[in-house]
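Visitor: Each chain, written out:
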Amino acid sequence: MEISKGIQIQGLALLIKPENILVIGDTHIGMEAALNEEGMLIPRFQFNEIMQETKKIIKKTKPKLIILNGDIKHNFGSISRQEWQNTKKYLELLEKNSKVIFIKGNHDTILGPIAEKQNVEIKKHYKIRDIYVCHGHEIPRDKEYEEAKRIIIGHEHPAISLREGPRTEKYKCYLKGKHESKELIVMPSMTMVNEGTDVLKEKLLSPFLKDKSIKNFEAYLLGDKVYYFGKIQGFSNIN
Amino acid sequence: MPEKQENRIAYHEKPYPDKAIYETFNPLVEEWWKKTFKEFAPPQKFSIINIHNRENTLVSSPTGSGKTLSAFTAILNELTDLDMKGILEDKVYAVYISPLKALGNDIEKNLNEPLQQLNELFKEKYATKKKKELSVRVAVRTGDTSTSDRSKMLRKPPHILITTPESLAIMLTTTKFREKLADTEWVIVDEVHSMADNKRGVHLSISLERLQRITSFTRIGLSATVSPLEEVAKFLVGYEDPDKELTRPCKIVDVNYIKKLNLKVLSPVQNLIKSSFNDIHASTYNLINELIQKHRTTLIFTNTRSATERVVHQLKERFPKQYTKIKDLDEETDDDKSFIGAHHGSLSKELRKNIEDRLKNGELKAVVSSTSLELGIDIGYIDLVILLGSPKSVARALQRIGRSGHKLHDEAKGRIIVLDRDDLVECSVLLKAALEKKIDRIMIPRNVFDVLAQQVFGIAIEESMKAEEAYKTIRNSYCYKDLTREDFNKVIKYLSGEYVSLEDRNVYAKIWYDEETGMIGKRGKLARVLYMTNIGTIPDETSVKVKLDKQYIGSIAEPFLEKLRKGDVFVLGGQTYEFRYAQGMTAYVKTSVNRPPTVPSWFSEMLPLSFDLAMEIQKFRRFIEELFLSKSSKKDIMEFINTYLYVDEYGANSIYEYFREQYMFAEVPHDKKLVIEHYDDSKNKYIVFHSLYGRRTNDVLSRAFAFILGRIHGKDIELNINDNGFYLMVPSSRSVQVSRAFSLLTKEDLRLVMKHALEKTEVLGRRFRHCAARALMILRSYKGRSKSVGKQQLNSRLLISAVKKIDEDFIILREARREVLEDLMDVFHAEEVLKSIHDNKLSVKEIYTDIPSPFAFNLITMGYSDIMKMDDKQQFLRNMHNQVLAKIALKEARSKN
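Protein chains in written order, with our numbering: chain A, 1 to 239; chain B, 1 to 897.
Everything labelled a hint here was simulated from the structure, so no lab data went into it.
We put the beta carbon where it would ideally sit given N, CA and C, even for glycine.
Careful: at least some of the hints might be erroneous.
In silico DMTMM-like links for lysine to aspartate or glutamate, alpha-carbon gap of 25 Å or less [stated by the list, open to error]: (1) LYS547(B) with GLU558(B); (2) LYS873(B) with GLU164(A); (3) LYS56(A) with ASP872(B); (4) LYS231(A) with GLU39(B); (5) LYS88(A) with GLU503(B); (6) LYS210(A) with GLU503(B); (7) LYS493(B) with GLU37(A); (8) LYS274(B) with GLU503(B); (9) LYS215(A) with ASP549(B); (10) LYS873(B) with GLU218(A); (11) LYS590(B) with ASP224(A); (12) LYS683(B) with GLU164(A); (13) LYS887(B) with ASP224(A); (14) LYS672(B) with GLU649(B); (15) LYS873(B) with ASP224(A); (16) LYS805(B) with GLU38(A); (17) LYS566(B) with GLU202(A); (18) LYS805(B) with GLU53(A); (19) LYS178(A) with GLU892(B); (20) LYS547(B) with GLU53(A).
Covered by chain B, according to a simulated footprint, are these stretches of chain A (three or more residues, beta-carbon under 8 Å) [said to hold, decoys possible]: (21) 50-60; (22) 153-166; (23) 201-209; (24) 214-227.
A few chain B positions that, by computed beta-carbon distances, are all more than 10 Å from chain A [what the hints assert, rightly or not]: (25) LYS125; (26) ARG660; (27) HIS770.
Kindly produce the complete structure, drawing on both the sequences and the hints.
Guide: Laid out in structure tokens, this is it:
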């Protein structure tokens, strides 16, 4: 499904056409090791799922360039052994047939060594035509940003819970709305540990969304395929 | 020792003569006793000699009947005797275990008093140059005990050690402390009834076996009214030979008859159905106030914490003069300004202590509590107990009412105030059962795997040993007699981290297991710390704080938050609030606009009606129906109700009218006839099961039926339960084949059906979290960190799916299913109900009504709803999407016109 002209939703990733650029949001590799450190001794399962989901998308889209849009790894500051190994494994998968660019997120305070080792470029943002891709934890003020018409961000891990009678279910989602005069697209996270932040309920963190009413955003919910739900105010009771 | 099991658990029915008891006493003790007490209290007449003879003893008697000294006198006697002979050693002789730290502190005080008196007497008459004083020591060791006090105890151990189940397990794991316990001769378990039916008791039962491994000791249990006493006795003493089903012997002392009961059911208004909600509300508070004013100190029990707050608030508001002190110049804190207070588990320790102290000092007219004041902490003089709403079980009613008239020959005075007609019938039958001492039976959990895992870990830390030996030790516990070696091995495998790959094992494994030698032992340096900081069975309910700006309003359960979205209106503590947004574990609200709640209240803390009491009510229903069927006159029926239930005329009249309406209008369901009422409000179809078995049983039956019907029709089914029944609800357009569900659902398949029915429920997820925490898979405290955000981010469904990938029946997941089915719900009685239907002992009658019948009314209006999910998550999304599409299409069509 096309969320914006030339931008397709491919599962948990966005594909920019015609250049075939794949954008992947918030992978948070190493989150499970971090959970272990906090005393959650639950068997690790998320990394394999991220690998599988990514493989599926790559196979389908055959991208030339893959942009990892921030929060690639989970830990602030340090890199754990598991993070290092898994990030390496993940990059090897991505780099098989594509070039890879890292966009720095707020969790990625140390990416240098791993990027260097894998020969990956680290950037604060990526721009192509009128499309500007950045993590979304801060609002950039560079010239390229000012010129851009469409912004793609991650960071927020948006999700929406649907409710009918006593039943409530939560789904990862894409959001599309406005920021100032630009079109804003918010990507879901690639994290499998949870669906993300319920935008109908929780306080939003990204400065792009923080003090904004979410009701005029359009929602694309992810299930076995993409479901367009229209504007949030149309299907929820929030105001 | 008796060879046969039937002789091993025996009631001790004859009191010993005073002379015989005195003969066991050391002369000093005898003199002290005669000087201090006039006589032996009933439980003492039965138990002192038995305990002196080192016989295991279970004493069941009401609070204030001299229970504590019935356990301790023989011990004090012996310790004093040893002391006077100069052979009292520096080691622990007796361990006293109580479920409450506060209770332990009370006992310490209550023991120090006799010890002091004995010492005074000793100094007066027996002191020599060599021995000037007696030196029997008592000390408390709980989670609150400081490190320095703990090491002091190591240097100079108390002769009587007061502790909690958790601290006992920790001591058993500490090498140095274990040595001090190695000669323990008596263990006293207080308030056995409060632990026997839950995992804390299961945990304690293994700790006692761990202690038994190092020393043999006499077990003494103290209990309030509980049933069945024989099973509780077995639970207390454990098995000597589980293969031959031989328990250790135990004498039961049951002296529950001694306290007189003065009980009444009161209705705040003459006619419960014709009065408006506001009338009932106002009259209830007037009635409560009137009762309080007529008595010196009143203890009021509500069934929920929020109701506790509400009652205090209402009484202060409605009767400010009675409950608020006139502000004088005394510099008192806010708390001390009133004559009424709340006491419940959500309040801080300090606040609770403050209330307890003021209660003891007679400064309060009334205290309102939920369950926290049920247990025997010393609260001073209470002359009236009010129960607001049904206490749901006879044992609980007696326990609560027994808090009044603390002295032995005082009568216990209780008033149950009922708020609707179901409540009236229930409480009247309850009152009858209480007066006739028909105590509802408790269920003692068995084969509990999460507690087992925690304890095996403790055992492995204690020392390396053969797994077989640990297995044998554990099987002596009442709760694990039937534990198979296979399941035990699964727990060992879990603990040794065999569920993850070898490279990750260092993170997950807690013990090592050598398959060749069959040995287990602790693994890693952190094992001991990890065990000590995470021990216990009481789950950390992650509750969500509710705040109005910065002001804290109260808390809600986590799954309730999951249901909320911006703009929702909900009730908390009697007030309505509008939900604004959540941030982490805090929900921000504003005081609501004038809108009714958009989400139903959260009923998770409701007490369930006991099955036995439910059956008594059903029996009563049958008697009344028989009277109607035989065309008895109103007078005769009223007379029957009056004598059968001990209610006054108003009460009897309300009950009569209630049953008559049901009889005329529909059909009276009872213990031999299950009525299923079909009712359609043209929007939805309701299938009401008048299954008065209590919500624990109804929880199982409703889900099982919903699941089967959901399977037949392939659609979600909404369900709603309370103690008196349940209903299933589908849109009117759908047909439902109830009779087919009955033929498909049998006792034999119930557990399998429920396994599937529970798979996607919130409750299984939540309970899995608790079990994972008890099994130390999710650690409260790890590497010095105790709180974390990550833990809360991980949702239960994903946790379950992670472990399911290892094994569909992963041992901890199996435990979660067991806990839900057997502890939270009541699968055993649900099986019984299904069996009696299939054996034609319970007939099923379907009826059709235009409006809900009187008996169905409360259920339809007030039940707690849930859903049996048949659609998977994807299908649900598609359905919701179709609805949105339809809405859009409608809008477009409208705009075209």
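Visitor: All hints are to be evaluated individually against the structure, with a verdict given for each.
Guide: Now the hints, each set against the structure:
{"no.": "1", "hint": "LYS547(B) with GLU558(B)", "in the structure": "15 Å, holds"}
{"no.": "2", "hint": "LYS873(B) with GLU164(A)", "in the structure": "13 Å, holds"}
{"no.": "3", "hint": "LYS56(A) with ASP872(B)", "in the structure": "23 Å, holds"}
{"no.": "4", "hint": "LYS231(A) with GLU39(B)", "in the structure": "81 Å, violated"}
{"no.": "5", "hint": "LYS88(A) with GLU503(B)", "in the structure": "18 Å, holds"}
{"no.": "6", "hint": "LYS210(A) with GLU503(B)", "in the structure": "43 Å, violated"}
{"no.": "7", "hint": "LYS493(B) with GLU37(A)", "in the structure": "22 Å, holds"}
{"no.": "8", "hint": "LYS274(B) with GLU503(B)", "in the structure": "71 Å, violated"}
{"no.": "9", "hint": "LYS215(A) with ASP549(B)", "in the structure": "23 Å, holds"}
{"no.": "10", "hint": "LYS873(B) with GLU218(A)", "in the structure": "21 Å, holds"}
{"no.": "11", "hint": "LYS590(B) with ASP224(A)", "in the structure": "38 Å, violated"}
{"no.": "12", "hint": "LYS683(B) with GLU164(A)", "in the structure": "15 Å, holds"}
{"no.": "13", "hint": "LYS887(B) with ASP224(A)", "in the structure": "22 Å, holds"}
{"no.": "14", "hint": "LYS672(B) with GLU649(B)", "in the structure": "28 Å, violated"}
{"no.": "15", "hint": "LYS873(B) with ASP224(A)", "in the structure": "10 Å, holds"}
{"no.": "16", "hint": "LYS805(B) with GLU38(A)", "in the structure": "22 Å, holds"}
{"no.": "17", "hint": "LYS566(B) with GLU202(A)", "in the structure": "8 Å, holds"}
{"no.": "18", "hint": "LYS805(B) with GLU53(A)", "in the structure": "17 Å, holds"}
{"no.": "19", "hint": "LYS178(A) with GLU892(B)", "in the structure": "24 Å, holds"}
{"no.": "20", "hint": "LYS547(B) with GLU53(A)", "in the structure": "40 Å, violated"}
{"no.": "21", "hint": "50-60", "in the structure": "violated (count 0)"}
{"no.": "22", "hint": "153-166", "in the structure": "holds (count 6)"}
{"no.": "23", "hint": "201-209", "in the structure": "holds (count 3)"}
{"no.": "24", "hint": "214-227", "in the structure": "holds (count 4)"}
{"no.": "25", "hint": "LYS125", "in the structure": "59 Å, holds"}
{"no.": "26", "hint": "ARG660", "in the structure": "35 Å, holds"}
{"no.": "27", "hint": "HIS770", "in the structure": "14 Å, holds"}
Checked against the numbered hints listed earlier, the structure breaks hints 4, 6, 8, 11, 14, 20 and 21; every other hint is satisfied.
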